[in-house]
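Chemist: Given chain L's structure and the hints, the job is docking chain R with the ligands onto it.
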Amino acid sequence: MRGWKVKRLIMSAVPLALAGCDTELSALSPAGPAAAQIAWLWWGMLAASSALFLLVLVLVAMSFGAPRDVPARRWTHTLGVGFSLAVLSVFLAAGLWVGERLVPRGAAAVEVRAHAFQWGWRFTQPGPRGMVETHDVLHIPAGEPVDVIVTAEDVIHAFWVPRLAGKIDAVPGRQNRLRLQADEPGRYAGMCAEFCGVGHAIMPFEVIAHPSEDWPQAVTATARDADSDGGEQ
Amino acid sequence: MSDPTALGRESRAAARSRSGAFDIPENPPQRALALHRALTAVWANDPGWRGQITAVNHTTLGLRFMATALVFFAIGGILAMLIRTQLATPEGAFLDTELYNQIFTMHGSIMMFLFAIPMLEGLGIYMLPKMLGTRDMAFPRLTALGYWCYLFGGLIMLGALFAGVAPRDGWFMYTPLSGATYSPGINADVWLLGVTFVEISAIAAAVEITVTILRQRAPGMKLTEMPLFAWYMLGTSVMMLAGFPPLILASVLLEIERAFGWPFFEVARGGDPLLWQHLFWLFGHPEVYIIFLPAAGVLSTIIPVMCRTRILGYGAIVASIVALVFLSFGLWVHHMFTVGIPHMALAFFSAASLLVAVPTAVQVFAWIGTMWQGRPELHLPMYHVLGFFLTFVMGGLTGVMLALVPFNWQAHDTAFVTAHLHYVLIGGFVFPIMAAATYWMPQITGRARIRGVGEAAFWIILIGFHGTFFVMHLTGLLGMPRRIDIYPDNPEWIWLNLTSSIFSFVMTIGFALFALDLFLQATLGKRSARNPWQAPTLDWALALPAPAYNFASLPGPRLLTGEPARPALLPLARGEGVLPGAPRGRREFLVTSIGAARPDHVAVLPGNTALPLWLAGAIALFVLLMLSGHYIWTLPALTLVAALIWRWGRGLTTEQDHPAVEAAPGLSLPVHYHAHASLGHTGTICLLFSNGALFASLLFGLGFLTLVTPGPDAPEAFVPGQSAIPAMATVVAGLALGAIGVRLARHAVQGERGTGALWFSAVVNALALLAVAILGLGLMDDPTTHARDALRGVLAGYVALHALICTGFAAFALDQLRRGELANGRTGTLKTWRFWQDFSLATALLAGAAAIMQGGV
Ligand code: HEM
Ligand SMILES: [Cu+2]
Ligand SMILES: [Cu+2]
Chain L
1 MRGWKVKRLI
11 MSAVPLALAG
21 CDTELSALSP
31 AGPAAAQIAW
41 LWWGMLAASS
51 ALFLLVLVLV
61 AMSFGAPRDV
71 PARRWTHTLG
81 VGFSLAVLSV
91 FLAAGLWVGE
101 RLVPRGAAAV
111 EVRAHAFQWG
121 WRFTQPGPRG
131 MVETHDVLHI
141 PAGEPVDVIV
151 TAEDVIHAFW
161 VPRLAGKIDA
171 VPGRQNRLRL
181 QADEPGRYAG
191 MCAEFCGVGH
201 AIMPFEVIAH
211 PSEDWPQAVT
221 ATARDADSDG
231 GEQ
Chain R
234 MSDPTALGRE
244 SRAAARSRSG
254 AFDIPENPPQ
264 RALALHRALT
274 AVWANDPGWR
284 GQITAVNHTT
294 LGLRFMATAL
304 VFFAIGGILA
314 MLIRTQLATP
324 EGAFLDTELY
334 NQIFTMHGSI
344 MMFLFAIPML
354 EGLGIYMLPK
364 MLGTRDMAFP
374 RLTALGYWCY
384 LFGGLIMLGA
394 LFAGVAPRDG
404 WFMYTPLSGA
414 TYSPGINADV
424 WLLGVTFVEI
434 SAIAAAVEIT
444 VTILRQRAPG
454 MKLTEMPLFA
464 WYMLGTSVMM
474 LAGFPPLILA
484 SVLLEIERAF
494 GWPFFEVARG
504 GDPLLWQHLF
514 WLFGHPEVYI
524 IFLPAAGVLS
534 TIIPVMCRTR
544 ILGYGAIVAS
554 IVALVFLSFG
564 LWVHHMFTVG
574 IPHMALAFFS
584 AASLLVAVPT
594 AVQVFAWIGT
604 MWQGRPELHL
614 PMYHVLGFFL
624 TFVMGGLTGV
634 MLALVPFNWQ
644 AHDTAFVTAH
654 LHYVLIGGFV
664 FPIMAAATYW
674 MPQITGRARI
684 RGVGEAAFWI
694 ILIGFHGTFF
704 VMHLTGLLGM
714 PRRIDIYPDN
724 PEWIWLNLTS
734 SIFSFVMTIG
744 FALFALDLFL
754 QATLGKRSAR
764 NPWQAPTLDW
774 ALALPAPAYN
784 FASLPGPRLL
794 TGEPARPALL
804 PLARGEGVLP
814 GAPRGRREFL
824 VTSIGAARPD
834 HVAVLPGNTA
844 LPLWLAGAIA
854 LFVLLMLSGH
864 YIWTLPALTL
874 VAALIWRWGR
884 GLTTEQDHPA
894 VEAAPGLSLP
904 VHYHAHASLG
914 HTGTICLLFS
924 NGALFASLLF
934 GLGFLTLVTP
944 GPDAPEAFVP
954 GQSAIPAMAT
964 VVAGLALGAI
974 GVRLARHAVQ
984 GERGTGALWF
994 SAVVNALALL
1004 AVAILGLGLM
1014 DDPTTHARDA
1024 LRGVLAGYVA
1034 LHALICTGFA
1044 AFALDQLRRG
1054 ELANGRTGTL
1064 KTWRFWQDFS
1074 LATALLAGAA
1084 AIMQGGV
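Protein sequence lines correspond, in order, to chains L and R.
Sequence positions in the first sequence follow this note's numbering and run 1 to 233.
Sequence positions in the second sequence follow this note's numbering and run 234 to 1090.
Just chain L, with the same shape it has in the complex (with noise of 0.2 Å):
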């Protein structure tokens, strides 16, 4: 049970170095187009979500007082199918508009492997001679779109790096793909997002974007790898 513990010690051993570490997870501080879409689908949305709470809020002030005849059509047929069916097509092509525009089409160049475990992450992803292994660390390049076949060992986890796309589940015996680029060169937080166990929460890993011009010479095996007989095959 406490097996996990050892492992915290060796994360803690290598600092998720990061610029701008209080948004290291945030979905709203995208760094590459699919998060960056559904950021703006988020804000489109909260914007629309707080007219249309004040909307009821002043519908719901305003009753009070004498009474009115009021047409029940109106209420139940106009506002009620009417205008909440306007709205919701509304919503509805933002999302299908969006969600179109993540939906992996075509081949990506790259093609990496997450195989997720309790309680950790096996990346495949190419080096400079041939495929190498690596634990708990991902690397890409960037400024490409990147296609992540996730895969689980044992139950359900998820692949989730916030700030460059949406999660996807890793389901034992299935093969998900994800499609997501990183903008810019950096180190990109990760982490477990479906709960898998007692290690649930100690399930982080990160994503390196490399400068095209240095991938995929500049990947290699983790020092955390030496440590859990991984390492470059």
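It is worth saying that the hints were derived from the structure and are not from the lab.
Backbone N, C-alpha and C fix where the C-beta goes; we use that ideal spot for every residue, glycine too.
Keep in mind that the hints are not guaranteed to be accurate.
[Claimed, not checked] Just some of the chain L residues that point at chain R, by a computed CB distance under 8 Å:
#1 V81
#2 L96
#3 R122
Modeler: Just chain R with the ligands, lined up with the frame of chain L:
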């Protein structure tokens, strides 16, 4: 006020006869006190502690359901406080992870299964007979059974919590995490068995509520004119009948996988973890509406009263209830947007999830319109109604956001979702329930409340709630997943979490104050006026607090006023309504037709009995034996259960003919033994509808594993062609002959010579049972090798169980014949049996066809 009722009554009667409605003349008035005494003698619970055990009365049990649910709310709330204390600091050194996981799992499970569902059942059970103008629920012993199952299931789960072996895999228990490999020990079994146990009570309540609403409305109260609360409860109970079976099936399958190693969800042997998710959310999404609809029913009842007007858009509201019932079964996948679903399906379920917001919007606008139409008065229930608007609308809007797939991919499984679900559940359920409590407390206790405490509680809860959960939206967007116990590397979440934790304690103080208010009202409050809110519904046409029999005589068309209920009170108490008093010394009420509520017959109810307790105890014994792994010993426990069910059936029989009852001058009605369509008839249809949903879920599972699951190929398939066909044909033929036999028996019974037909049916049903047994034990492949074989095993088990039930019916009918209970058109159990026999035949045919088709794939 001059007497408007007499005048109103005249014109209403005229309007009635014009619309083709019927009239029932009044009975002569009697002395109210004498009626009260006679009725109380018949309807009251037994005296003393025995009375608590043998009570079957809906008022007692409804209150008991609600009080127990309140206790579980308090326990769930304490667990929530532990969660918030742990999350107040990033290192949260206070609970270890294992314990933390148990606590949030139990918090969610208690709140959903042991608080919300029983609370709404209790509200329906307490309120419906009073609102509809009848004396009890359709099946009083079933009410009691439901309560005991709920209590025992809840106690088993609580016991596990105190023993440190509580479930710990989250309230939706995803496999494989909850499977035997990754959750050894009994923690997961506690959830599976405990929740299923509690679900028996939900199904029981749903059957009863449906039958009561359809068949026990006061004569003349048309389906299309009944109080909206009844419409909402009807929608809820139909959803429960259809929505709980998928979860029951999933739990049974997972328990079989854990206990006996049959693979359903295990990838290596052809199972699929996503099958669990589909079955769970097929239940789980409707569950959200099951919880919301009764609360909305409360709002539709209270808002017009608080605004001195009638509800606006009755028809539109009924239409939206029906729409919600259907739509909510088509969106479960929105809980699974991240599992890797083809994107066309994503778009479809996203659109469907948005569509379901329309009927909700119709209701919200109808309520606001009602407030415009009337003059809202700020009594305490109205505060909670406003709290509902403020909170639920926000929760609905974040729900719309989450229905958009791209945003869902970011927000799913983060604190944002935790915030959303509490806005919906506390806004859409807890606030309306608090409104209901403050509204009906005078009705329940007969006392008025103490001023001030309730208002203070409201404000503290409101501030505490929004302080806790509003910031959690942001916490989630900043990346905090749900279900984590520590976050040492994320200082950016510290202040947000600390804020949530502090306000959650404020909220707790508010809830404590609310409870105190109820307690003070019940103990110290002054006597309440008879109808303090001037409400129009019949629940206020009672003496306060409600007597055990509700109405000394039942309101007929002339007394269904739709005006403030008060004028009906006196005539009803004086026995001027239908079926006055208890002159035959037994519990009676009127059964009416489904649509127009025409009087159909008089039902005679069983009295106080401890049988429900014993039956629930026997089921509890079975559950405990399963939990402790004594699988062999579950067989005697199951035999005990069957014996008690037999006993139960014996309580419904009669060996004499019953003369018709004069319910009102010129209105002579048969007693239910001689009735064509009794309550039992309607109840059987409801139960079989639910059973059909269970079977459909099973076929869904079979189809899903065959067509969707990518898993390893099955080993050499058992082809049901050669050896099995004779056995399968025997099963179907046996059940079909049984169906003919039961029909023959019904004809023969008229002439009292059914013995031959009954023996014939018993033998062919037993033969069918034998054939399934040979099929399952001898011919089919080992169910532990592959998911396909495991599911076929379950299908065979399902058919076997039904063959056994049909054999049991035949035996019961033979016994009835021997005792002379089948005579002069009294068909005893034959009618119920016929429904079951036909159902068993149909499912056996479908099961066989499915197995053959799957063999061909
Ligand atoms: C009394 C005030 C309440 C507080 C302070 C509270 C607090 C919480 C918190 C902090 C969590 C999240 C745990 C996590 O992130 O892992 C949670 C989860 C949950 N709560 Fe509440 N809650 C309250 C009332 C309710 C009510 C009334 C309901 C339902 C009717 C409810 C249903 C749930 C459910 C279903 C979960 C999910 C459990 C899981 O993840 O397995 N809560 N609650
Ligand atoms: Cu995890
Ligand atoms: Cu849902």
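Chemist: Among the hints numbered above, which are violated by the structure, and what are their numbers in rising order?
Modeler: 3
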